[in-house]
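Counting from 22, one number per residue, gives the positions in the sequence shown under our numbering.
Heads up, a few of these hints could be off.
Between beta-carbon pairs, the in silico distance windows are [what the hints assert, rightly or not]:
hint, residue 1, residue 2, range
1, Pro83, Gly207, 52 to 58 Å
2, Phe502, Asp464, 26 to 32 Å
3, Pro186, Glu90, 16 to 22 Å
4, Leu516, Arg274, 40 to 46 Å
5, Gln70, Pro100, 23 to 29 Å
6, Pro51, Ile244, 29 to 35 Å
7, Gly461, Thr345, 57 to 63 Å
8, Glu374, Asp189, 27 to 33 Å
9, Glu374, Gly405, 45 to 51 Å
Hints were generated in silico from the structure; no laboratory data involved.
From the three backbone atoms N, C-alpha and C, an ideal C-beta is built for every residue, glycine too.
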Amino acid sequence: MITRVQPSLLATAAFALLGSSCGISEPELPPYLEFSEPVLDLGLEREGQIEIRNTGGQSIGPIELVPGEIRDLSGSMVPGSRLSLDPAEIPTLNPGDKRLLTLQLSLDGSLNSGEYDTWVRARGGGCALCCRTNQCREVNALLSVRFTVLSELEAAVTSVRIVAPPFDPRTGDVINLPLEARDEAGTLLQGVPVYWSVNPSQAGYVGKNGQFVGYQTGEASIIAQAGTIADTLALNVLDRNIEGSFSVALIGREVGRYTSDLWLHGDVLYSGTWGTRQTGSHSSFGNTLNVWDISVPGTTFRSIQRSFSIEIDARVVNDVKVRTDGELAIITHEGSNDALNGITILDLDNPLEPTVVSRFTAELESGVHNVWIEGDYAYLVVDGVGNGLRILNISDPENPSVIARFWAGKSFLHDVYVRGGLAFLSHWNAGLVILDVGNGIADGSPENPVEVSRLSDLGGQTHNAWYWPEAGYVFVGEEDFDSPGIMHVVDLRNLLEPREVATFKVPGQTPHNFWLDESTGTLYLAWYGNGVRALDVTGDLLGELDRQGREIAGLVYNGGSGTCNRGSGDTCTWAPQFHRGLVWVSDMNEGLVGLEPPR
Numbered sequence: 022m023i024t025r026v027q028p029s030l031l032a033t034a035a036f037a038l039l040g041s042s043c044g045i046s047e048p049e050l051p052p053y054l055e056f057s058e059p060v061l062d063l064g065l066e067r068e069g070q071i072e073i074r075n076t077g078g079q080s081i082g083p084i085e086l087v088p089g090e091i092r093d094l095s096g097s098m099v100p101g102s103r104l105s106l107d108p109a110e111i112p113t114l115n116p117g118d119k120r121l122l123t124l125q126l127s128l129d130g131s132l133n134s135g136e137y138d139t140w141v142r143a144r145g146g147g148c149a150l151c152c153r154t155n156q157c158r159e160v161n162a163l164l165s166v167r168f169t170v171l172s173e174l175e176a177a178v179t180s181v182r183i184v185a186p187p188f189d190p191r192t193g194d195v196i197n198l199p200l201e202a203r204d205e206a207g208t209l210l211q212g213v214p215v216y217w218s219v220n221p222s223q224a225g226y227v228g229k230n231g232q233f234v235g236y237q238t239g240e241a242s243i244i245a246q247a248g249t250i251a252d253t254l255a256l257n258v259l260d261r262n263i264e265g266s267f268s269v270a271l272i273g274r275e276v277g278r279y280t281s282d283l284w285l286h287g288d289v290l291y292s293g294t295w296g297t298r299q300t301g302s303h304s305s306f307g308n309t310l311n312v313w314d315i316s317v318p319g320t321t322f323r324s325i326q327r328s329f330s331i332e333i334d335a336r337v338v339n340d341v342k343v344r345t346d347g348e349l350a351i352i353t354h355e356g357s358n359d360a361l362n363g364i365t366i367l368d369l370d371n372p373l374e375p376t377v378v379s380r381f382t383a384e385l386e387s388g389v390h391n392v393w394i395e396g397d398y399a400y401l402v403v404d405g406v407g408n409g410l411r412i413l414n415i416s417d418p419e420n421p422s423v424i425a426r427f428w429a430g431k432s433f434l435h436d437v438y439v440r441g442g443l444a445f446l447s448h449w450n451a452g453l454v455i456l457d458v459g460n461g462i463a464d465g466s467p468e469n470p471v472e473v474s475r476l477s478d479l480g481g482q483t484h485n486a487w488y489w490p491e492a493g494y495v496f497v498g499e500e501d502f503d504s505p506g507i508m509h510v511v512d513l514r515n516l517l518e519p520r521e522v523a524t525f526k527v528p529g530q531t532p533h534n535f536w537l538d539e540s541t542g543t544l545y546l547a548w549y550g551n552g553v554r555a556l557d558v559t560g561d562l563l564g565e566l567d568r569q570g571r572e573i574a575g576l577v578y579n580g581g582s583g584t585c586n587r588g589s590g591d592t593c594t595w596a597p598q599f600h601r602g603l604v605w606v607s608d609m610n611e612g613l614v615g616l617e618p619p620r
């Protein structure tokens, strides 16, 4: 007798068998696709091959091979060019099997020279059963593809030679390495793109125009490639050998209040005060300008004495500046009880006992953080987003007046430095902004400041700047307590196109204010809990200066944990000034320290 089985029963039985097979007969591996290499670099070739493999435990198929769009290094899609594959689909790939794929590029003839990339995605079609979960899933693999396009000029290069310098450079010396690229006839080719590198990478830095700076002593191999041809030059980098040391010569102790900025003129030092300092049960506010006599001759260790003080309505006297003729000074107000803030102008007829000429508050009510005096003009940093710079005419100190205003359109202004008819605005997250206030490059004047240029990409928190016109550099501080901040070197030899070329950092703390002894090319940097640093900034500057043996000396003169620890005796350096052979620094905790600089 023949028994007929209903189709529905057959399906039920098949499902039961399949379900039970996910026990003893379960595959050891799930389905898995991979390319033999994750990246295929075709270089100058327009065709290449690569394997795709099934390294899993089940068959996969069909497998669709999908090419991606071709893009340049900026990520922009390149129209008119494409990648094709042979085969474009694989019916089935069993466990352990592999298949050779051929990739071919079809390129638009107008492509610029440079690096390009695309990708290939292998997508397993159908349903691959994963018995551990009794679910189906799609299986994928991704291949990155890179290739290079040469210009007609690059393709013509048959020989390359780096011209060796006539001397061995020291660490930190920037040398220009000329390159000769020639064609088959021996003709020198002009304008050929060159790709530079250094080996080992920690030996130094080489820029796109063949400028090299050494980071460590010993051999450095410089490699230049033009088209497909390369040359290597071995350099012997010598020690810069400029180490020195600071020594403490004089101290002006102020432990009742926190000390802020300082300014020296002749035999007198003026220092501001900051915030609220608690001494036992007593609180002292930053409402005082201190005056110190530094006329005592000699450099043996001794104390200087405060000769005079002026109290004003403020909680912070953040800044003090003396005009170059020594006839007047300006101090700033923040946190005034009367909420007017502003500035106080001082008569320095007797430098050791200044007298108040006037207080000016119009348009300055939010507070003034910093000031710069240039002739009959005062440049004021007004607190708060949207306020920016105020320029005052102080030709009549009893009746100053606002003659101009500037704001960069975002963030707040932190500091201003004026030199050579240019105002350098440290405009926090708006970066470094340069104004013509009499230079002539943009027909600006104090009454009509005109923006010349700005550099916004300095990491934010642009705090202070020092311009050295002879060298064409601006040294810019980034006051970031989290990262922490660093010092940026900006090349300003073209005023219209400032560009960052170098940096300097000290681990653990952020920098504060700077002073440059331009006669020796020594930059003094206040670095809060890391004390004061002396940096050699002679010659061309490039790369990471802290790796080049350019730091001459650093001194944490009062010790401490490197974190300032306000209220203690720990080092907390606010600002330096080189004056009459000594580096004077204001220290928030200590007051004033006069240092013999490194020789």
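Hints, verified against the model:
The hinted range of 52 to 58 Å is satisfied by Pro83 and Gly207, whose Cβ atoms lie roughly 56 Å apart. At roughly 40 Å, the beta carbons of Phe502 and Asp464 sit outside the given window of 26 to 32 Å. Here the CB-CB span from Pro186 to Glu90 is close to 45 Å, at odds with the stated 16 to 22 Å. Against the hinted window of 40 to 46 Å, the Cβ-Cβ separation of Leu516 and Arg274 comes to about 44 Å, which satisfies the hint.
For the pair Gln70 and Pro100, the beta carbons lie near 27 Å from each other, so the given range of 23 to 29 Å is met. A beta carbon spacing of about 45 Å between Pro51 and Ile244 contradicts the range 29 to 35 Å that was offered as a hint. Here the CB-CB span from Gly461 to Thr345 is close to 21 Å, at odds with the stated 57 to 63 Å. In this structure the hint that Glu374 and Asp189 lie 27 to 33 Å apart at CB is violated, the actual value being about 58 Å.
The hinted window of 45 to 51 Å between Glu374 and Gly405 is violated, with their beta carbons roughly 34 Å apart.
The structure does not agree with the numbered hints 2, 3, 6, 7, 8, 9 stated previously, though it agrees with the rest.
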